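Participant: If you want the building blocks of each chain, they are given just below.
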Amino acid sequence: MTGKPPPALELSDVHYSYPDGHGALRGVSLRVEAGERVAVLGPNGAGKSTLCLQLNGILEPTRGSVSVCGMAVGRKNLKEVRRRLGVVFQDPDDMLFMPTVEQDVAFGPSNLGLSEKEACARVEGALFDVGMEGMGGRSPHHLSHGQKKKAATAAVLSMEPEVLVLDEPSASLDPRARREFGAILAGLSQTIVMVTHDLPYAHELCERSVIIDGGRIAADGPTSDILGDAELLAAHDLELPHGFVMNHH
Amino acid sequence: MTGKPPPALELSDVHYSYPDGHGALRGVSLRVEAGERVAVLGPNGAGKSTLCLQLNGILEPTRGSVSVCGMAVGRKNLKEVRRRLGVVFQDPDDMLFMPTVEQDVAFGPSNLGLSEKEACARVEGALFDVGMEGMGGRSPHHLSHGQKKKAATAAVLSMEPEVLVLDEPSASLDPRARREFGAILAGLSQTIVMVTHDLPYAHELCERSVIIDGGRIAADGPTSDILGDAELLAAHDLELPHGFVMNHH
Amino acid sequence: MGGTHHGGGIEAVAAGDSPVHRLDPRAKIVGLIGLVVVAVSLPPGAWTAFAAILAILTGLVAAAGLRPMYVLRRMTIEIPFLLAAAMLPFTVEDGLALGAAVGLKVTIGVLAMVILSSTTPFPRLLRGFELLKAPRLITVIVAFMWRYLHVLSDEVSRMKRAREARGYSAGWLWQAASTGPLIATLFIRSLERGERVYLAMTSRGYEGSMPTTTADRMAIRTRDLAFLSTFAVALASIRIFLP
Amino acid sequence: MHIPDGLVDPATAVVTTAVGAGLVAYALKKSKEALDDRRIPIVGLMAAFVFAAQMVTFPIAGGTSAHLLGGAMAGILLGPWLGGLAMTVVYLVQAIGFADGGITALGANVIAVGFLPAVGGYYLFRGLTRILPGTRMSYLGSVAVVSWATTVAASALVAVFISFGGPLPLIAFPIMVGIHSIVGFGEALISMSVIAAVLGARPDLIFDQDRLPERASAPGGEVA
Ligand SMILES: Nc1ncnc2c1ncn2[C@@H]1O[C@H](COP(=O)(O)OP(=O)(O)OP(=O)(O)O)[C@@H](O)[C@H]1O
Ligand SMILES: Nc1ncnc2c1ncn2[C@@H]1O[C@H](COP(=O)(O)OP(=O)(O)OP(=O)(O)O)[C@@H](O)[C@H]1O
Ligand SMILES: [Mg+2]
Ligand SMILES: [Mg+2]
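Residue numbers (our numbering), protein chains in the order written: chain C, 1 to 249; chain D, 1 to 249; chain Z, 1 to 243; chain U, 1 to 224.
If we strip away everything but chain C, and leave its shape as in the complex, we get (with noise of 0.2 Å):
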């Protein structure tokens, strides 16, 4: 109960080939403490997706290893694992499986075990969070894309996760939403990793950003050295937008 708390996450040398036999991770090193929000940036197809999927365990290494909080992602602790780490995926699709959105943002939480009550609280407040309320009556399979994304991030901001996984989560959202849930997100307190193709988002949100090309960490240091390399970014085809002049927080 003294010292320093373990790592919000440990990766090392993290490979993972998909069944098809495609190589999508080739060695990831990383360590993120508590308390630290980190954007990983890097092209298409770089294996972002893929880092996060390992983090909670759904997809697991094929050499290397994986851990939370200080406990080793395995078969034995997933479920513990699985309610400290909350991953929002890059396809609502793939998170959304209830009736209601209520229900669907509900389900997390009442496989903690929470009371009804408290449940209930949870479910409010989440979807308040994203701007989704009045809305949970809804299908969520009947929502607009951007809305799905919304009802999945609800989902698992409901558990409240000690740390917390975001694969793009400004895709799809309109810009007021875009803001506001960064302004949600800043206000938290606990470990964020934000997977992102939006270099202004993660300049105004994390103060580290990892970059990851072909499946390796390419780079890793503060926000605004990163964004500020010109070269660095080039060479992982990414680039500030056009007409965005960075300015300093």
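Any given hint might turn out to be false.
[Unchecked claim] No more than 25 Å apart at the CA atoms, straight line, and that leaves these computed lysine-lysine pairs for BS3-like:
1) U:Lys29 - D:Lys76
2) C:Lys117 - C:Lys76
3) C:Lys79 - Z:Lys133
4) Z:Lys133 - U:Lys32
5) Z:Lys133 - U:Lys29
6) D:Lys76 - U:Lys30
7) D:Lys79 - U:Lys32
8) C:Lys76 - Z:Lys160
9) D:Lys79 - D:Lys117
10) U:Lys30 - Z:Lys133
11) D:Lys76 - U:Lys32
Hints were generated in silico from the structure; no laboratory data involved. Keep in mind that this is a model prediction, so the values were computed, not measured.
Position chains D, Z and U with the ligands against the provided structure of chain C, taking the given hints into account.
Facilitator: Relative to the frame of chain C, chains D, Z and U with the ligands by itself:
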């Protein structure tokens, strides 16, 4: 053969309710001339994707009518309409169905009755345009999300439709792919309708913008006027991203 | 359910290469169905004829390079029927001969179809039926059924993954209780995904048949005719002379 | 509950094949008139769904196996003839692609476990929904009754086919029917869940649009 060509798109008083009874369009009238480039903006759930699906008869208006290049969209000339107007859906998973990317991209051209050689050339060209050259042999279901989006876009580009409808083309593309694809679009002479939450992208590529909200058209005008009107934008959950400075073309 | 087509199953074996794999699917369909019909029409006691037909099938298995273990594994589907046939000697008169004949017929039927499906990838099989002038509505339904089996198993794994990621774990009892609603959700999800994919196909000019490329264009060649005529002669002589 | 090759007597096989082919031809004719190509996905999905559900089988003593049939559900959702065709396709692919159910018994299978539940089930359902009040409860209740009844009827017909001049005596009959009167409950439960879900989310897909229960029958174009 003389006089003004018919408008590329004409919608008059289009209403649409989904089978579960949810009303998504409530009277949309819009005219797009041949060769125009129009951005469609609006908050999540505004009805933008629903609108796209009306354009090639995938959904039929519950009231009102749509015409494409002067032809009323309806049972009779669906085939001709779809030859002239191509839609890239928001979710690429809804678009890819062949065993390889190449076959998927070739599907449209071979239905157009092109010779195999010509179809091949189209496929190569389209894959090159989206930056997927060399990935033709992969299975489209085993790609990263951004790669799927690129493949789905190529599948429509290869048909070379007169009117190109793109639902969130830049979402989930990496920054370089986003810029390069923008450059490709800028070089096309076709009519383009582009739904996007990426206002800078709209500003770069489209001279005209339309705002949809609650299933109705809320504004329609030159993009720079619309994006310059912060009050109008705010009324529809839109805003330029923090740090973005709009310059003139 | 789901996952039936994944992994090293039929699809991988059917994608192999051998003289039997290379035959035109039409020749295989007509030949093997003819063989089953002949076998079923044999009376109990035509042991030489049964043996000759089994020899033909064994020859095809060898020529196709199918591994015996694989073939046996796929034939396990007939076990319940063999058990039933094994009961016959105890229940009816002349049951031994009858039971043996039933067992042989079931075996021949299963083996013939295992060979057909293990040497012909499904899309080619379908194309063969199309070219044999099977009703178009039937082939279209078959094609979509095949496609949607993938959609279904895809949606099953998405839903499973989604549940697990949010801390789901339950005993089988709860699982059984929630089967109804889950199957219903699965049905609607798969249906709507299938619908959107279908619409994407029609928006790209689909009108009921997949475009053919050079690779799957088919022509009856001499070797197919040779195969069919040998088969016909062999079956006819078995049916006429051996009983 | 698929009959393999060899379990039906050659004469029965010839007759059932001819009748089965006749039914398919008639169904094709009827469906071509009615089929709007937007229904292709639901027909394909129904076939895939039934196919997948039928993979879960449990062997029974009569020498055949029991599993969900799905025929009644197909008939109610797709209409009698298209429903019958979807079932035909399932048995065709199972016989040829998976050696499950015989080629020469295909006719018997298609009649007993395809058209009987799809067509018979549909008309029984139509009759029930006409008599009963138009509520959701009685609608789903009819689905359950029809699913159970067609399962039992189909198993009885299968038992008749394999005993008719065939090697297996009529002993199979009580066993088959007995087991399927239990399987029928599972069938009823699944059909009810699926139809209830379709009724909620996509009532437009149900074949018989005139007999939808009141609440779901008016999606209404104008939600102003
Ligand atoms: N299911 C799969 N089977 C096989 N290969 C896959 C699968 N999913 C992804 N891949 C491959 O693995 C690599 C990494 O994919 P991943 O989805 O992790 O990329 P990503 O960095 O998330 O890209 P994006 O920015 O497009 O989302 C890519 O080359 C991709 O083609
Ligand atoms: N399949 C469906 N069934 C019923 N309602 C739907 C369906 N799809 C969308 N809707 C509803 O219709 C409205 C318009 O949805 P649409 O997908 O057109 O929005 P959108 O403008 O594209 O939003 P986004 O920016 O999130 O993509 C929304 O209120 C949505 O909830
Ligand atoms: Mg990704
Ligand atoms: Mg949309």
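Participant: Check each numbered hint from earlier against the structure, then list the numbers of those it violates in ascending order.
Facilitator: 2, 3
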